[in-house]
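Please take these sequences and the hints and turn them into a complete structure.
Here are the chains, one letter per residue:
2 protein chains.
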Amino acid sequence: MNAENNRDESLHLFIVLSRACEWVTAHAHRDIRRYGLNPTEYAVLELLYHKGSQPLQQIGGKILMTSGNITYVVDKLEQKGLVARKPCPEDRRVSFAQITEKGKAFLDEAFPQHRKAIEAAVAGLSAEEKRQAIGLLKKLGIAAQESFK
Amino acid sequence: MNAENNRDESLHLFIVLSRACEWVTAHAHRDIRRYGLNPTEYAVLELLYHKGSQPLQQIGGKILMTSGNITYVVDKLEQKGLVARKPCPEDRRVSFAQITEKGKAFLDEAFPQHRKAIEAAVAGLSAEEKRQAIGLLKKLGIAAQESFK
DNA sequence: AGCGCATATCTTAATATTGAGATTTTCCCT
DNA sequence: AGGGAAAATCTCAATATTAAGATATGCGCT
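Chains as they are written, first to last, in my numbering: chain A, 1 to 149; chain B, 1 to 149.
Any given hint could be a false lead.
Copies of one chain are not kept apart here, so a pair can be met inside one copy or by any two copies together.
[Said to hold, decoys possible] When the alpha-carbon atoms are kept at most 20 Å apart in a straight line, the in silico EDC-like pairs for lysine to aspartate or glutamate are as follows:
id, residue 1, residue 2
1, K149, E22
2, K104, E9
3, K86, E22
4, K149, E119
5, K104, E78
6, K62, E22
7, K51, E101
8, K116, E128
9, K139, E9
10, K51, E9
Honestly, the hints are just simulated from the structure, not real lab data. Note that the coordinates shown come from a computational prediction; the quantities given were computed from them, not determined experimentally.
The following block contains the structure:
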């Protein structure tokens, strides 16, 4: 039926990648909303919790978003008392975002539940399949990032 | 170092899945912006092109978005003359969104370029790796969708 | 027929995100 | 030292998205 047997599967890959990510993310976001944060706020908070204080600029590099939005999201987390801005002594252009004690306590409470929501979301794959998928997706993600210019 | 050797990789999978999708999507979105549409508009247009006319409701099921946003996006595509609403004769609650001739001509022009952008974005995997990834992601996506309730 | 419930679309206000560019500070070059 | 390019954050207007609920229609039951 298919004269060109080894046709390119790139588009197909993109579709199933997007769809898998959308649906797993749907689980994650529904879970996050229970905590009174939006997904972006949660992502920033978790980044600061696990990776330590970050210059705002670097947050934008890890969670793809524009500089204006970083300001906005960090403002909101600051208003909620979960994060504080700390000026950088060496470079006065830079502000660090730092998680507060209240922020840590919040994530200590929320994170284990969130982990369970994620585990349920990806339960369609076996442990071995997860390992395979991780290897492939890591390779794909790094290559896509590097080729983005 | 790790007493519990077969620790759960679910979170790790979620992270690399999200990151791969973000960066591949970054390529796709940058490409789409060249055509003067936003990513959501493009996604709807492409859906109508490849899958035929759809009730607005079903668009929301395939491209995750709220009903209010569907109305908004279809309005914008209609204003641009790329899509038209067609009332459903059997059920007067329903509107179909249908791609116009202008919309088809637009995608005939844009789609081959877009395909190339996607191919470049996923070039980090070999043909064989793509096939493996497709199988795993399809399984993951379907399971995540079905377990979403 | 008529009532109640479900479904599809639309409306509106609130919120999130982007894009462009202003401001401040640093870095590099001479 | 001083000037210009680059970098980090912020501001602001425009746009996109959600959440909640309004409206209109269909479906099933009695």
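Do the hints match the structure? See the list:
no.	hint	verdict
1	K149 <-> E22	between (25 Å within a copy, 15 Å between copies)
2	K104 <-> E9	neither (44 Å within a copy, 23 Å between copies)
3	K86 <-> E22	neither (35 Å within a copy, 29 Å between copies)
4	K149 <-> E119	between (34 Å within a copy, 16 Å between copies)
5	K104 <-> E78	within (13 Å within a copy, 48 Å between copies)
6	K62 <-> E22	both (19 Å within a copy, 10 Å between copies)
7	K51 <-> E101	within (15 Å within a copy, 51 Å between copies)
8	K116 <-> E128	within (19 Å within a copy, 32 Å between copies)
9	K139 <-> E9	both (17 Å within a copy, 16 Å between copies)
10	K51 <-> E9	between (36 Å within a copy, 19 Å between copies)
Violated hints, listed in ascending order, are 2 and 3; each of the other numbered hints is respected by the structure.
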